[in-house]
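Participant: Line by line, the protein sequences give chains A and B.
If you're matching positions, the first sequence starts at 1 in the numbering used here and goes up one per residue.
If you're matching positions, the second sequence starts at 1 in the numbering used here and goes up one per residue.
Rather than coming from a laboratory, the hints here were simulated on the basis of the structure.
Bear in mind that the values here come from a model prediction, so they are computed numbers and not experimental data.
Any given hint could turn out to be false.
Going by beta-carbon spacing under 10 Å, a handful of chain B positions derived as facing chain A [unchecked claim]:
(1) GLN38
(2) GLU59
(3) ILE93
(4) GLU105
(5) LEU106
(6) PHE107
(7) VAL116
No residue lacks a Cβ here, since even glycine has one placed at the ideal position from N, Cα and C.
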Amino acid sequence: KQEVTQIPAALSVPEGENLVLNCSFTDSAIYNLQWFRQDPGKGLTSLLLIQSSQREQTSGRLNASLDKSSGRSTLYIAASQPGDSATYLCAPGTDKLIFGTGTRLQVFP
Amino acid sequence: GAVVSQHPSWVICKSGTSVKIECRSLDFQATTMFWYRQFPKQSLMLMATSNEGSKATYEQGVEKDKFLINHASLTLSTLTVTSAHPEDSSFYICSAQRTGRDTGELFFGEGSRLTVL
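Sequences and hints are given; from them, build the entire structure.
Facilitator: The following block contains the structure:
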């Protein structure tokens, strides 16, 4: 059974900082891995999708890496902004997505 | 991007009634849809996998007679919470996987908040 852990559970930083969010998973037999953000009381917005054959994906200030063999993925957020405040979820995918515990990020002005 | 719509976005009902939540993929076909449940300040818990034209596959611990799932077309899946009770109050989110695409990317609805009085 896939188990997903995200560290840190919560993060509060001043704007402008570069951030690192970590995700680890126990079953490395995955097709892909997705990172999402969730705003309070809302659904999920897909940020990045990394296929199992890829090492990383970039979108704007976001960069996600994947080390499938060690069961790890990292989301880098460059030059953080208050609008980045949300919960970030990683989800390694097999025939279904199992979600991590999430990292609650607060970026203050 | 692909759009998934959920309706209603929130619903309040009396204990003992049934509530239906719809999940629609607006601009793509989805052979597979997933239903999740989320309690406050917790992550998403997969309830079931909904496959078009066949019975849903439920996760361990999820009562299939309590949470009825129907995936009648390639763009619509419904979740019916039968004889709802206060402990069923939660945030329900669906996701859809685009048919024919091998990337496996999932797109999520905005969620439906159910409050049972």
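Participant: Each hint: holds or not?
Facilitator: A quick look at each hint next to the structure:
The interface hint given for B/GLN38 is met, as the beta carbon of that residue sits about 9 Å from the closest beta carbon of chain A, less than 10 Å. With its C-beta approaching chain A no nearer than about 9 Å, B/GLU59 sits inside the 10 Å limit, and its interface hint holds. Interface restraint check for B/ILE93: the shortest CB-CB distance to chain A comes to about 6 Å, inside 10 Å, so the restraint holds. Interface hint at B/GLU105: satisfied, since its Cβ lies 5 Å from the closest Cβ of chain A, which is below the 10 Å cut-off.
A cut of 10 Å between beta carbons decides the hint on B/LEU106: the least distance to chain A is about 6 Å, and the hint holds. Interface hint status for B/PHE107: upheld, as the beta-carbon distance to the closest one in chain A is roughly 7 Å, under 10 Å. Nearest Cβ of chain A to the Cβ of B/VAL116: about 18 Å, over the 10 Å cut. The hint is violated.
When the structure is compared with the earlier hints, a violation turns up for hint 7 alone.
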